[in-house]
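Build out the structure end to end from the sequences listed, making use of the hints.
Mapping of the sequence shown onto the numbering used here: residues 1402 to 1939, in sequence order.
The reader is advised that the hints may include incorrect statements.
[Unchecked claim] Under the rule of at most 25 Å between Cα atoms (straight-line distance), these lysine-lysine pairs were calculated in the DSS-like manner:
1. Lys1531 / Lys1689
2. Lys1440 / Lys1413
3. Lys1656 / Lys1612
4. Lys1816 / Lys1664
5. Lys1447 / Lys1432
6. Lys1588 / Lys1440
7. Lys1656 / Lys1926
8. Lys1748 / Lys1722
9. Lys1433 / Lys1447
10. Lys1706 / Lys1599
11. Lys1599 / Lys1531
12. Lys1451 / Lys1407
13. Lys1656 / Lys1689
14. Lys1612 / Lys1824
15. Lys1706 / Lys1581
16. Lys1451 / Lys1588
17. Lys1689 / Lys1722
These aren't lab readings, by the way, just hints derived from the structure by calculation. Remember, it's a predicted structure, so these values are computed and weren't measured experimentally.
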Amino acid sequence: MAKNNKMNRMFKVLSLFFGIFVQIYWYKITKKPEAEWEKLWGAIGKRVRKTLFELEGLLIKIGQIISTRADLLPQAFISEIEDLTDKVPPSEWSHIQEILEMEWDSKISEKLHSIEREAIASASIGEVYKATLLNGAEVAIKVQRPHIQSIVQTDFRTLRMVIWLANYLVPLPKGFINLKVLFSELKHVIGRELDFSKEKETLLYFREKFKESDIVQIPSVYSELCTSKVLVMEWIEGIRLTDPQAIEQLPVSRKELAQRLIKVFLPQWLEPGIFHADPHQGNVLVSKDGRIILLDFGMAGEISKNDAAAFQGLIECFLAKNYTKAVECLSRLGFLLPEADTRTIEKLLAEWMSFHPSQLKEMDLFALKMELNDMIQALPIQVPTRFVFLGRSFITIEGIVINLAPDEEIIDLGKPVFIEWLKGQGNKWSFIWQVIQSQPVFKIFHSVNEFLKTPQKMEQLKETEQRRQFQFAIFENRKKQSFQLLLLGLAGSGMGVSLSNTVLIKLSLGLTFLAITGYIITSWKLRKWMKYMHEKRR
1402 MAKNNKMNRM
1412 FKVLSLFFGI
1422 FVQIYWYKIT
1432 KKPEAEWEKL
1442 WGAIGKRVRK
1452 TLFELEGLLI
1462 KIGQIISTRA
1472 DLLPQAFISE
1482 IEDLTDKVPP
1492 SEWSHIQEIL
1502 EMEWDSKISE
1512 KLHSIEREAI
1522 ASASIGEVYK
1532 ATLLNGAEVA
1542 IKVQRPHIQS
1552 IVQTDFRTLR
1562 MVIWLANYLV
1572 PLPKGFINLK
1582 VLFSELKHVI
1592 GRELDFSKEK
1602 ETLLYFREKF
1612 KESDIVQIPS
1622 VYSELCTSKV
1632 LVMEWIEGIR
1642 LTDPQAIEQL
1652 PVSRKELAQR
1662 LIKVFLPQWL
1672 EPGIFHADPH
1682 QGNVLVSKDG
1692 RIILLDFGMA
1702 GEISKNDAAA
1712 FQGLIECFLA
1722 KNYTKAVECL
1732 SRLGFLLPEA
1742 DTRTIEKLLA
1752 EWMSFHPSQL
1762 KEMDLFALKM
1772 ELNDMIQALP
1782 IQVPTRFVFL
1792 GRSFITIEGI
1802 VINLAPDEEI
1812 IDLGKPVFIE
1822 WLKGQGNKWS
1832 FIWQVIQSQP
1842 VFKIFHSVNE
1852 FLKTPQKMEQ
1862 LKETEQRRQF
1872 QFAIFENRKK
1882 QSFQLLLLGL
1892 AGSGMGVSLS
1902 NTVLIKLSLG
1912 LTFLAITGYI
1922 ITSWKLRKWM
1932 KYMHEKRR
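Structure representation (structure tokens):
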């Protein structure tokens, strides 16, 4: 098919992003009003969405990840791609049969009693088929899509080119996501997902992690039939959490089910180790007896010990309403940029956490979300690249929990679960200390200390910001002028060719060469200057 053709995929992706680059530059050059900026990003979002659906594969997953970055990208763009689904037409059965027999080095009939030739699920990396083993056990067989390795390599090669162009040609906003780090993280995660033996290891890790839990069900694995392209698991029937009628028939309430979901995922987000990075509603089901069923461990992330400790401290601070310490945890994790005013952030956290469910019901939640996104973009806050997949996991589960128990406040649902988890970790004294530190007498000492340091901090921030703005203005103006000269040179060359005017062609080519040289030199100087900026700012 055309979508699997390497040159076709590369051409479509490169032309898509080149078109976006030109549109952004044109907006900057013409200095159009803010309303046009939103329209521009809405149009870009529609074009990106159309191209991703057309090419499928790895690009769909990239779109899903980008859609979680409302802190960096315009809402008009996010709204166009936020409902991307990783569903693609299944492959021809003959191709799947060929892969199975090649991986097992035998006929299918020697391993299976029967197999349904219609895929139960079909995504960009693999397809799932229901089968029966020779001993009568029902299994789910995940098979890697034909030629997917080649497609992913092509997409990564194309993305590397796009990121290079973006770093050198596009006026990315200050504090924007580090594209190179995101690319490395994405390559690592997708690389793991392409190797089903890694997914098998992750699945076994989770079975061991939850072996003592009576609220979680994870399929067993038939290791003797598993390879790097085939994964054979126990077949488990489950109820979708979006099926309201079936949910009402369960022996547990919606509130209890929501808390069970939090109980399953909270340790994944707070403890060092592996977490499920793709817990959408097709991968998280519930059994008839109310147990949480986890499926598809292909996309997984990992949390370091230092980050886990900081996250634990952050949640303790929220529960104890110790927002001073919460700001310190956010800074430690890298969510606050160097110029952030900690007292302002502290006040905002206190205001956000003071909302009561009864107040939220009376609000326009969509408008509130838009306002929060705008506020986050305006504040010196960013989501570190290493937390992109963790954030996606959290946001997905948050959405499921809200859908399950819409009348409950998520903080109220999570607090008893967290306290129970905290007792099991032996950190209750840490939590008590956070409560003590949140008391007024401690806040007075903190406020006095911060007040004494304020004049010096303000002067340093003012000087640093003025220098940063001045440097950016110079470099951006030079790049803009070089780009304008480049367009003029290309236009002159076109006119010279059409008029057969040799002198005009030579002058235009010379101008084009000078413009390109100036652009490269300016970009190099800007890149060199950026190295001296604070690590978090870069």
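Hint check:
1. Lys1531 / Lys1689: Holds, because 20 Å separates the two Cα atoms, which is no more than 25 Å.
2. Lys1440 / Lys1413: holds, 23 Å
3. Lys1656 / Lys1612: Holds - the C-alpha atoms of Lys1612 and Lys1656 are around 24 Å apart, at most 25 Å.
4. Lys1816 / Lys1664: Cα-Cα ~10 Å, so holds.
5. Lys1447 / Lys1432: holds, 23 Å
6. Lys1588 / Lys1440: violated, 32 Å
7. Lys1656 / Lys1926: Roughly 57 Å between the alpha carbons, so the hint for Lys1656 and Lys1926 is violated.
8. Lys1748 / Lys1722: holds, 11 Å
9. Lys1433 / Lys1447: holds, 20 Å
10. Lys1706 / Lys1599: OK: Lys1706 and Lys1599 at ~22 Å, within 25 Å.
11. Lys1599 / Lys1531: At roughly 21 Å apart (the allowed maximum being 25 Å), Lys1531 and Lys1599 satisfy the hint.
12. Lys1451 / Lys1407: holds, 18 Å
13. Lys1656 / Lys1689: This hinted pair holds, its Cα atoms lying about 16 Å apart.
14. Lys1612 / Lys1824: Holds. Lys1612 to Lys1824 sits at ~20 Å (cutoff 25 Å).
15. Lys1706 / Lys1581: Distance of about 24 Å is within 25 Å: holds.
16. Lys1451 / Lys1588: Measuring from Cα to Cα gives roughly 23 Å; hence the hint holds.
17. Lys1689 / Lys1722: Violated - the C-alpha atoms of Lys1722 and Lys1689 are around 38 Å apart, more than 25 Å.
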